[in-house]
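2 protein chains.
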Amino acid sequence: MKNILGENEKIADENRKLFREKNVFVINLMGSPGSGKTTLLEKTLSKLAEKLKVAVIEGDLFTARDAERIERQKVPVVQINTAGGCHLDAAMVKRAAESLNLEELDLIIVENVGNLVCPAEFDVGENLKAVVLSITEGDDKPLKYPLIFKESAVAVLNKIDLIPFTNFNLEQARADLATIHPQIKIIETSCTKLTGLDDWCNFILENF
Amino acid sequence: MKNILGENEKIADENRKLFREKNVFVINLMGSPGSGKTTLLEKTLSKLAEKLKVAVIEGDLFTARDAERIERQKVPVVQINTAGGCHLDAAMVKRAAESLNLEELDLIIVENVGNLVCPAEFDVGENLKAVVLSITEGDDKPLKYPLIFKESAVAVLNKIDLIPFTNFNLEQARADLATIHPQIKIIETSCTKLTGLDDWCNFILENF
Numbered sequence: 001m002k003n004i005l006g007e008n009e010k011i012a013d014e015n016r017k018l019f020r021e022k023n024v025f026v027i028n029l030m031g032s033p034g035s036g037k038t039t040l041l042e043k044t045l046s047k048l049a050e051k052l053k054v055a056v057i058e059g060d061l062f063t064a065r066d067a068e069r070i071e072r073q074k075v076p077v078v079q080i081n082t083a084g085g086c087h088l089d090a091a092m093v094k095r096a097a098e099s100l101n102l103e104e105l106d107l108i109i110v111e112n113v114g115n116l117v118c119p120a121e122f123d124v125g126e127n128l129k130a131v132v133l134s135i136t137e138g139d140d141k142p143l144k145y146p147l148i149f150k151e152s153a154v155a156v157l158n159k160i161d162l163i164p165f166t167n168f169n170l171e172q173a174r175a176d177l178a179t180i181h182p183q184i185k186i187i188e189t190s191c192t193k194l195t196g197l198d199d200w201c202n203f204i205l206e207n208f
Numbered sequence: 209m210k211n212i213l214g215e216n217e218k219i220a221d222e223n224r225k226l227f228r229e230k231n232v233f234v235i236n237l238m239g240s241p242g243s244g245k246t247t248l249l250e251k252t253l254s255k256l257a258e259k260l261k262v263a264v265i266e267g268d269l270f271t272a273r274d275a276e277r278i279e280r281q282k283v284p285v286v287q288i289n290t291a292g293g294c295h296l297d298a299a300m301v302k303r304a305a306e307s308l309n310l311e312e313l314d315l316i317i318v319e320n321v322g323n324l325v326c327p328a329e330f331d332v333g334e335n336l337k338a339v340v341l342s343i344t345e346g347d348d349k350p351l352k353y354p355l356i357f358k359e360s361a362v363a364v365l366n367k368i369d370l371i372p373f374t375n376f377n378l379e380q381a382r383a384d385l386a387t388i389h390p391q392i393k394i395i396e397t398s399c400t401k402l403t404g405l406d407d408w409c410n411f412i413l414e415n416f
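As they're listed, the protein sequences go chains D and F. Just so it is clear: in the first sequence, position 108 is 108 by this note's numbering, and no numbers are missing. Just so it is clear: in the second sequence, position 168 is 376 by this note's numbering, and no numbers are missing.
Among the clues, some could well be false.
Claimed, not checked - Computed footprint of chain D on chain F; a stretch qualifies when at least three of its residues, placed anywhere within it, have a C-beta under 8 angstroms from a C-beta of chain D:
#, stretch
1, 209-220
2, 265-272
3, 304-313
4, 353-361
5, 381-392
6, 403-416
By construction, these hints were calculated from the structure, which means they are not laboratory data. Note that the Cβ used here is the ideal one computed from N, Cα and C, for glycine as well.
All chains, please: the whole structure from these sequences, using the hints.
Below is the structure:
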């Protein structure tokens, strides 16, 4: 395991060097299956495209469903199929990036495999990690899956419109996130009610 | 990876032999973080306890929160902390089972780590696998994460009460599940509205 992570780190550093040379900022977008990562991208890519040239790398075990959804947003997209693998690694992102024209890009968003555990352990050469937590997953998830929240610069609390129909305690979740990672930025979004999406886009533009 | 799985399979077979000798039926309960595995157990353990002597093995990366919730249901519970590991393996379940009195038990439910990918690859010596899919995760999950649905005898479509607030297409999900695994039993549940819980308990009693 240490060898695998060491080899991955080496390729991640090469990716980061390449992205810096080409002036491309890279976000590694993580979260559980169904937390709403693809929908968040669908709703914000056009907003971001007003300011930045964006591409997406889509990670999935199988199918090109998410890439097809992103393609409709008229941004370049590369699908990675891990064939059952539970996370993206730096070598996969390196190969995917080779089919993008980096000279013409400002930002790549890498949508990782839906998984709140393994993706947090594998640096892909990103500038920052972001985690999407659907409030339907429950407020105990930061304490139960701390690494991904420790690693991420921002936590997007998505599907916030469903909060009246759940027992999610927003105050508790915010307190737990602050304990695990005091500097983490917390953004509340709803992709159906279209709330918080400007906050998310502004966070990206400010960190860019 | 093949070596790890081969070694795991050996211990899983030993577990299965031991459980059969002791007349204990074992269910491996899997699903994404926040799909509602622990709440499903909370709501059904007392119903099952009328007919069977049940114990629970709780798998989590960190914390004993789920085990504490299960303890309140007055059934024996053993917590496994994987310390960041993304799934339970047969050796962990073997150690956990050693602290249970198997002679006095009819059924062990193993609640796996919240993860729709890795747990499906690791046999822990169970008699059957069950997967919980919250409808808030989206109807595309069976096709995107097929292995766990192929491996499971039953798919519990949980949080069905939230369907009016989502774009989840129940017909599509059922059709995709039937394509991936024609024999899979599909049970719709809501742990807040207390619907479908008898179906779930009856499924266990019929397969027992």
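Here's how the hints hold up against the structure:
1. Under a criterion of three residues with beta carbons nearer than 8 angstroms to beta carbons of chain D, the stated coverage of the stretch 209-220 of chain F fails, only 0 such residues being counted.
2. Chain D is given as covering the stretch 265-272 of chain F, and this holds because 4 residues of the stretch bring a CB closer than 8 angstroms to a CB of that chain, at least three being needed.
3. Under a criterion of three residues with beta carbons nearer than 8 angstroms to beta carbons of chain D, the stated coverage of the stretch 304-313 of chain F fails, only 0 such residues being counted.
4. Counting residues of the stretch 353-361 of chain F whose C-beta sits closer than 8 angstroms to any C-beta of chain D gives 3, which meets the bar of three, so the coverage hint holds.
5. Coverage of the stretch 381-392 of chain F by chain D is violated. Counting CB-CB distances below 8 angstroms, 0 residues qualify, and the rule asks for three or more.
6. Beta-carbon proximity to chain D at under 8 angstroms applies to 0 residues in the stretch 403-416 of chain F; the threshold of 3 is not reached and the given coverage is violated.
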